[in-house]
Structures are given as structure tokens and as C-alpha cells.
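Asker: Chain by chain, the residues:
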Amino acid sequence: MSPQSVLAVSNLTKFYGDFKALDSVSFAVEKGWIYGYLGPNGAGKTTTIRTMLGLLRPDQGEVQIDGVNPAKNPVHALKSVGYAPELPTLQTFFSGEQLMEFIGKMFGLAAQARKARIKQLLDLVGLKEWGDKKIGKYSKGMVQRLSLALALINDPLVLIMDEPTIGMDPEGTAHFRNLFTSLSKEGKTIFISSHLLDEVQRICTHVGMINKGKMVFNGLITQVLETFTKQWVIEAELKTVTKTMITAIKNLDYVEDVKVDENKLRIELKEKKDLRGEISSEIFKRKGVLLSLNLHKITLEDAYLRALKGDQ
Amino acid sequence: MVTYEWRRALAKKKFYVLVILTLVLQIGLFALFSYFFTNPPPGFVGSPLEEMKASMWLVGVLGLQGLFIPLIAIVIAGGSMSEEYERGTADILLSKPITKMEYMTGKFLGGLSLLGFVIVLITILGTTLAYGLFGPQESIQFVPVIYLVLLYSNLLFFSMTFMFSEVFRRTTLSIMAVIGIFVASLFIGGILSMMHLMTQEQLYLEISKWLPNWSVSNLPSFVASELITAPESPFVSVPGGDIQLAAAIIAVYTIASILIAALKLVRSDVTKRTG
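Protein chains in written order, with our numbering: chain A, 31 to 342; chain B, 57 to 331.
With the rest of the complex left out, here is chain A:
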């Protein structure tokens, strides 16, 4: 754990009976980072989060939140944490304001500060008009928004969110994305577990990838793309595709493989080079009519899938 780490997980191991859900998971998140935690269903993402919060007792290893172990001192450690669970079920017998009031009290916020904070946060998540309504009347997206407001009530140092935008409309997702970026600029550390790779790629500075309870990657988002990039891909759309053209492109020195889908070609290159000029010349030489030509560098999704396969 570096001195700047506000969230450090070391050698975390957790068993459910005989099943090893976490296998020596370690990572550290520093102040101001937006850390994306990725993995397929059942990989151990939620188990990691619930262990970090002291809800699960680890069989080995430990968690430090701002230097305090939540399993040993939950009152101190969790004072600086905001947590929004996956698809939260909130207490439907409360209104949004009442639940925020109750959670604010749990954090020991003074009455006046609590009132002001509730108003500010309901406005921030777009629930200003809904604060006095019973949570039972909220839609799924509104519950997600309220859950985020609850996670921010204590002005946390670390914000931990499990699939925060799942089930949200595109407008809400965009709103959350901007919010996370501005919170990070304020110096808050954000930990997001998600399977929405595009969202993660847009906002996260760092990523951790977990598969079958084991960390398969941990580092900068730019680093993950570099690590798992083998090749770039050019996608060409033509008026008509002929067999001779496919063979000719396949035989080019710098082409690894060509895949055909009706009139579209997916040309996998051997190198990480923009060879659109060369490809278009070859198509013109064969009298092909080119409708579009795009270069695809690796996406986080490609890198993620390769990481899961252990394919570097």
C-alpha cells in the first residue's frame, strides 16, 4: 500500500463453503482515481466490495480504508465511505428525504448540515420534486439516483458503487458519468464495479479485472489497452465483395486475417499501424467500390475478453 492509497486490498481470500470466491486479490486505489472493477458474472466483484465494507469476513487478507480496517473498526473506517449497492432495495416505508435524514443521523451529521445536504443532493441527482414521496412510488432509475444521493450524504472520501448505472436511462447514465468525473476532480476516490465496459472506458482512470476470484489485470486504463492489444482492425464496407478481392487482401504481408459479413470486410492487421491507405489502394486496384473504411484500435471490451482468456 502506497502512502497515497485511500483504499487498499491485500491478499483477500474468501470461501463460500468449499468454493473459493476470492483468491488472494490485491489492489490499491489512490486519491482522486476512478477505478473500474471489471469481471464476468460470478467473478467475485460484489464479494470484493462486500468484504471491503466489512459485510463479509475474509478468510485471509485485509482491507484498509484510509488506513483503517473496516472489519476491526467499522465505525471509524466506514465514516469516510459512501456505498451504493447493485440494484438497491431501499426502505419503502420512508420517503427519500426521511431515509436520507436517517442515514445522515447514522453518520452523525448535525441537524442543520443534514437538512442542507439532503436538499443539495436531491437536487444533484434530479430528485428535488420527489424528496417527500414514499420510496415505494419511485421507479428503478429513481431508486438508483436516491442510492447515489445516500452514498454521498457524508461527503465521503471513497465512493464505492456496484453497477451504479444498471437499469438507468441514457440521460441518467450520462448525468452520472459527468457527476463521477466532477467528484473525482474534487479529490474523491471512486470505485466502480461494472460490466458496462464502454462506460468504464469513458470515465475510469484505472481498472482492475477479476476472473474466477483472481485478479487478471490491475493498472492504468491506457496500460490495459496496450497490454492486451495484439493488432488493429480495419473495417471496410464495399458495394460488392468478390472472392478474388478477399484472397488478394488476405495475401497482403501486413494482413493477419479477413472475415466477411455480406458486403463488409473485417481485416485484422499484423501490426498496430494505420494501413487504411494501403487497403483502399488494394480495393481500388481490384475495381472495388468502397462505401466506408474505418480503423479500429482495441477497445476495452477486446482487452477485457483477452484478459479473461489470459491472452496477452
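FYI, nobody ran anything at the bench for these hints, they're computed from the structure. A virtual CB, placed ideally from N, CA and C, is assigned to each residue, including glycine. Be aware that one or more of the hints could be misleading.
What the hints assert, rightly or not - Here are some of the chain A residues that sit facing chain B, going by a computed Cβ distance under 8 Å:
1) R87
2) P118
3) L321
Assemble the complex: chain A is given as a structure, and chain B must be docked to it using the hints.
Answerer: Just chain B now, with coordinates in the frame of chain A:
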């Protein structure tokens, strides 16, 4: 957590149904007695039973102890811990700066204070109806003591249900388990009493005293018998009353239940949403 627990329990329809049923039954009981006293059967006028009129408040307050108040205690405690696991709200509450013991204590005291409030309603209604229907009541100064004894007696089924609520983490299962114990205890108690009557063997009676119903049903009556020297009533006079033993049995069940619940909570993971 105390006010939270009130809100949680008050959001349940079955709670209102049971409380209203209990209060209606109490009114019905008084209406029946009122009819009986205003239309007495031949030979009743001037009998010792008529002297009961002056202590009818005890009928109102203790009459529901055998069944209805324990049932309300079971309903309040049944979902106290388990509902939070079933709904997934335990994650939200226990990821806040609060220890598991603070959480449990708040929930226990919250539920118990709600039960205390329901018993206050029953006590006030019983006493008021007794005054209104049967005139001035005697030994009324003991109402607060009887109230506290009622609350203490109901700790047994309340804490037992609370324990099952944490151990099973399923509301229906925990309520069914305690109702099962309650019914089995009544049934076994009846058999043991019959065996005692048939054989005069004291052991059967001693064993029956350790069944949970015996102390819960009888302690308030034992205390009332001890305090009130007024005319005897079937709800007051219980032969073989043993206040200390009944109080000790309630304490043993309650402490054991609280300890088991606390151990389970502290030593196990917070389970994910199950409902």
C-alpha cells in the same frame, strides 16, 4: 435505530390487523361481562362473583395475555432482523459507521418499545372500559406494576422470535417456528397437567413450568394475586403461583435468545438479499 424499527413494524398490515383484533376482542370480552352483570342468571345477585365488578380492570388487562399479546410480540419481532436480509437493506444499514451490536440493540429496543406501546393501549382500554361499564375500580394504583410485569413476561416470546429472525434470516420461518413452539408448549403443558392430576406425581408439574407458556401466561396473574387482596377473580387467582420461578424462567429464555442472536450476528457474514 429505535424509531427506524417502529417505522418498519408499523409499515406491516398484519401488525395492524392483530392489534385491532386484540382491541376488538377486549371490547367484546367487556361487552359479554357487561351483559352478564346486567342480566344476571338466577342466584347470581349477591354472589361472590358480583364482587368481581370492582376489579374488572384486571380482566381487561390480563385477559389477553394467554394468546394475543404474545402473538403481537411474535409479529413485531418476526421480521426485525430477517426482513433486512430478505430485502437487502441489511447491506445499506451495516455498511454505515455502526457496530453490529449497536444495530442489534437498536432493533431489539425499537421492537420492544413498540410492544410496550401496544400493551399501554391494551392497559388503558381495559381500565377505561372497566370504569365505564362497571363503575369505580379497586387497586387501580397497581396498573403500572401490572403493565411492567406484562411487558417483562412478553420478553420471552419477543426475544425468542428475534433470535429465530436472526438465526434463520427468514421472516415466515422464524414466526412459524415460534408459533410452533407456542402451540407445542400449550399442548405438552396440558398433557403434563393431566398426567399430574392422574398420578399426583409432582415432577410432571415441575417440568411443565419450564415450558415457555407457563411463565408467560402466569407471571402477571401471580403478581396480581400477590398485590391485590380484593375479591378473587379467575384471572387473578392461580394456584401454585411462584413469582420468582416464573420470572427466572422468562429471564433464562430471554438471555439465552439474545446471546444466540448476538453470536450469530457477530460471527457470520451479512447475507445477500434473499427475498
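Asker: Quick check: which numbered hints come out false for this structure?
Answerer: Violated hint: only 3; rest satisfied.
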